[in-house]
Amino acid sequence: MEDFPMIVIGIIIAVIGLLFVVAFAISRARCKMRIEATVSRLATKSMKLRGRTVTDTTPIFTYTVNGKEYTYKAEMSTTNRKRFAVGQKEFIYINEKKPEEARFGNNLGFLLFGICCVLVGALFIVLAII
Numbered sequence: 044m045e046d047f048p049m050i051v052i053g054i055i056i057a058v059i060g061l062l063f064v065v066a067f068a069i070s071r072a073r074c075k076m077r078i079e080a081t082v083s084r085l086a087t088k089s090m091k092l093r094g095r096t097v098t099d100t101t102p103i104f105t106y107t108v109n110g111k112e113y114t115y116k117a118e119m120s121t122t123n124r125k126r127f128a129v130g131q132k133e134f135i136y137i138n139e140k141k142p143e144e145a146r147f148g149n150n151l152g153f154l155l156f157g158i159c160c161v162l163v164g165a166l167f168i169v170l171a172i173i
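With the sequence shown counted from 1, adding 43 to any position gets you our numbering.
These aren't lab readings, by the way, just hints derived from the structure by calculation. As the structure is a prediction and not an experimental result, all values here were calculated from the model. Yeah, the Cβ is synthetic: ideal placement off N, Cα and C, and Gly gets one too. Warning: the hint list may mix true and false statements.
BS3-like cross-link-like pairs, simulated, lysine-lysine; straight-line CA separation at most 27 Å [stated by the list, open to error]: (1) Lys88 / Lys125; (2) Lys91 / Lys132; (3) Lys116 / Lys141; (4) Lys132 / Lys111; (5) Lys141 / Lys75.
What follows is a set of in silico ranges between Cβ atoms, one per label pair, in the way DEER data are often shown [claimed, not checked]: (6) Ile52 / Glu133: 32 to 42 Å; (7) Val163 / Glu79: 34 to 44 Å; (8) Asn109 / Pro48: 28 to 38 Å.
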């Protein structure tokens, strides 16, 4: 019975990992059409980190599908201020049926995080059982 909390924690971590893996798969399945988009503006957020001010920059893209203009704020941000510039062209992936749904990049970070969570959760469960 003393191993029960460790099993529960392992299950919770593994389920969180599975959710990230599923979210990655759904995003990839829905948004497959590659189009060119323009960075229309940059959203910035500054925070103090170890006595330094760090600024996160998130690109906001504008793209046109069938004559209609859409805007998409990327899920990722960067502290590299030179990574994006207003007017810069980038490829994004959109959902052909719902062009307002988009994704930028390959989002492999979500997949890797999900897989790591599943493995850590499984490790917790195995160690609790042994």
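Structure-based check of all given hints:
| no. | hint | verdict |
| --- | --- | --- |
| 1 | Lys88 / Lys125 | holds (15 Å) |
| 2 | Lys91 / Lys132 | violated (31 Å) |
| 3 | Lys116 / Lys141 | holds (16 Å) |
| 4 | Lys132 / Lys111 | holds (18 Å) |
| 5 | Lys141 / Lys75 | holds (11 Å) |
| 6 | Ile52 / Glu133: 32 to 42 Å | holds (40 Å) |
| 7 | Val163 / Glu79: 34 to 44 Å | holds (39 Å) |
| 8 | Asn109 / Pro48: 28 to 38 Å | violated (54 Å) |
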